[in-house]
Amino acid sequence: MSIEQFKNRNVSDDYFLVDIEDYPTDGWGKFKRVVKRTFQGELFVGLWVVLREMIKFDIHTVQYPKEKMPIGPRYRAVHEMKRLWESGTERCIGCGLCEKICISDCIRMETRIDENSRKEVSEYSINLGRCIFCGYCAEVCPELAITHGGRYENASEQRAHFVMYEDMLTPIDMLKAGQQQEFDGFGAITPHEDERVKKTPLAY
Amino acid sequence: MDMAYLIETIVKIVVIMLIFSALAGLGTYFERKVLAFMQRRLGPMNVGPYGLLQVAADGIKLFTKEDIIPTNVVAPIFKFAPVITAATAFMAAAAIPFWPQFTVFGYTVHPIVADTEIGLLYVMAVMAIGLYGLLLGGMASANKFSLISAARTAAIFVSYEVVTGLSLLAPIMVVGSLSLIDFNNYQVGGVSHWLVWSQPVAFILFWIAAFAETGRTPFHLIANDHEIIDGFGTEYSGMRWGLFFIGEYANMFFISFVIALVFLGGFGDGGLGGALALIAKVAFFFFFFLWTRAAWPDVRPDQLMWLCWKVLMPLAVINVVVTGLVMMF
Chain U
10 MSIEQFKNRN
20 VSDDYFLVDI
30 EDYPTDGWGK
40 FKRVVKRTFQ
50 GELFVGLWVV
60 LREMIKFDIH
70 TVQYPKEKMP
80 IGPRYRAVHE
90 MKRLWESGTE
100 RCIGCGLCEK
110 ICISDCIRME
120 TRIDENSRKE
130 VSEYSINLGR
140 CIFCGYCAEV
150 CPELAITHGG
160 RYENASEQRA
170 HFVMYEDMLT
180 PIDMLKAGQQ
190 QEFDGFGAIT
200 PHEDERVKKT
210 PLAY
Chain H
48 MDMAYLIETI
58 VKIVVIMLIF
68 SALAGLGTYF
78 ERKVLAFMQR
88 RLGPMNVGPY
98 GLLQVAADGI
108 KLFTKEDIIP
118 TNVVAPIFKF
128 APVITAATAF
138 MAAAAIPFWP
148 QFTVFGYTVH
158 PIVADTEIGL
168 LYVMAVMAIG
178 LYGLLLGGMA
188 SANKFSLISA
198 ARTAAIFVSY
208 EVVTGLSLLA
218 PIMVVGSLSL
228 IDFNNYQVGG
238 VSHWLVWSQP
248 VAFILFWIAA
258 FAETGRTPFH
268 LIANDHEIID
278 GFGTEYSGMR
288 WGLFFIGEYA
298 NMFFISFVIA
308 LVFLGGFGDG
318 GLGGALALIA
328 KVAFFFFFFL
338 WTRAAWPDVR
348 PDQLMWLCWK
358 VLMPLAVINV
368 VVTGLVMMF
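Those sequence lines, one after another, are chains U and H. Position 152, counted from 1, in the first sequence is what the numbering used here calls 161; the numbers after and before it change by one each time, with no gaps. Position 227, counted from 1, in the second sequence is what the numbering used here calls 274; the numbers after and before it change by one each time, with no gaps.
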């Protein structure tokens, strides 16, 4: 492919250059242009266009607090912590990968060994003032425990109100009702993963 | 002076003041709605049904806002300037007949504050004085944008006074009077008697000049939001700014009345139908002010001056000469 073809921006053969008349140089030419423009009626075209839109009444306003636009499943708003579907326990295993990968350093977690000698998350906080919603935490999480949600209305007295661990965690009754939404975004399991996964060869 | 006449006049003044102050507020509502519909929006919707109480909300806001007098402004002039604009706008209404005369309980009411012999001249002259509100307000503001606006105000108003005066001269020659009631009575015979048919050029010129006189959109250079912020109104806040606003909208209504009365037959024979026709005509001209705001871009100041002095004024003079020749022979 030659460079000329790359530079050719005419995606369609219907494109043509607009015919622009030369500017008049003498007074008579200018006068003729004024008369022509005056009686061309272009001003009425503008008037008709806006009146037509008023009569058609094709309103595009979304009355925001009452109506909301649908947002995509991959939208990255305030984080959510998920639960396991079967047992209802928290998915987070306290591995600390999200804390480690967070490029704006806004995730902080504290873990301890509980009485069953399992690792347990005792403190988990996200500083939304620093968070840039890059989605790395959701991508890196091996358990699909931290994801992004669709809650984008962050108006409150304090930003910390949005990242209480209990608020981010799926409520247990919602989980039992089967209403926990899996995150389809970056880092989530691709659909039909079971069919594509290869069994570990046991021959050796 | 007769006591009854005095009371009647005061009542008329109060009624006109109240109606047109309210209409100025309502005019902003209509402007927002019309502009919104033309741009596929809804406009104010939340305050009251269909946003109708938005006007009241704006009023409360304007009245309760802090009245800021910035440092470095010439305080007395700065405070007084909005009063000039609003007052002259309402003073101009004194010679406009808003409704044909009617009888209430055997008492004949003339819905015009002062039916003077020089009504039209008075209306145009007092409207022109409104220039001082904008000019003084802009110059006293200690703000460069306000100063530019003041300079433009002076240039535009003084220039377009020439056009309004000369374009109205031809109809005045035809009618032979300056009273708006005489203008109305001249055209009483119906649509075919309207002055717009015998004076189409004067009608178009006056209509164009009305946009400059009221500072509406194609000629909105006085308070051009996108280049000189709000011009003379930049430093104003609260009710002082509101007075400028009321003055502008009242002017739009009054100039619409003048156009309808001078060129489009006014209220005709004085019946109810004629009166409602006058309201309809005024409503159309007011709507046209909003319509052009949605449709047309602003012109540059030099283009505006060019239009005034090289196109409109020669046309107006030619119109006067031709009218004179036709009347002579």
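There may be inaccurate statements among the hints.
[Stated by the list, open to error] Simulated crosslink set (SDA-like; lysine to any residue; CA at most 20 Å straight-line): (1) U:K41 x H:A161; (2) H:K59 x H:A161; (3) H:K112 x H:V130; (4) U:K39 x H:W241; (5) U:K65 x H:V81; (6) H:K112 x H:V94; (7) U:K41 x H:V94; (8) U:K65 x H:D345; (9) H:K126 x H:F137; (10) H:K357 x H:V346; (11) U:K45 x H:V346; (12) U:K45 x H:F137.
Please keep in mind that the hints were generated in silico from the structure rather than gathered at the bench.
Checked hints:
no. : hint            : verdict
1   : U:K41 x H:A161  : 47 Å, violated
2   : H:K59 x H:A161  : 10 Å, holds
3   : H:K112 x H:V130 : 17 Å, holds
4   : U:K39 x H:W241  : 36 Å, violated
5   : U:K65 x H:V81   : 13 Å, holds
6   : H:K112 x H:V94  : 19 Å, holds
7   : U:K41 x H:V94   : 52 Å, violated
8   : U:K65 x H:D345  : 26 Å, violated
9   : H:K126 x H:F137 : 19 Å, holds
10  : H:K357 x H:V346 : 15 Å, holds
11  : U:K45 x H:V346  : 18 Å, holds
12  : U:K45 x H:F137  : 40 Å, violated
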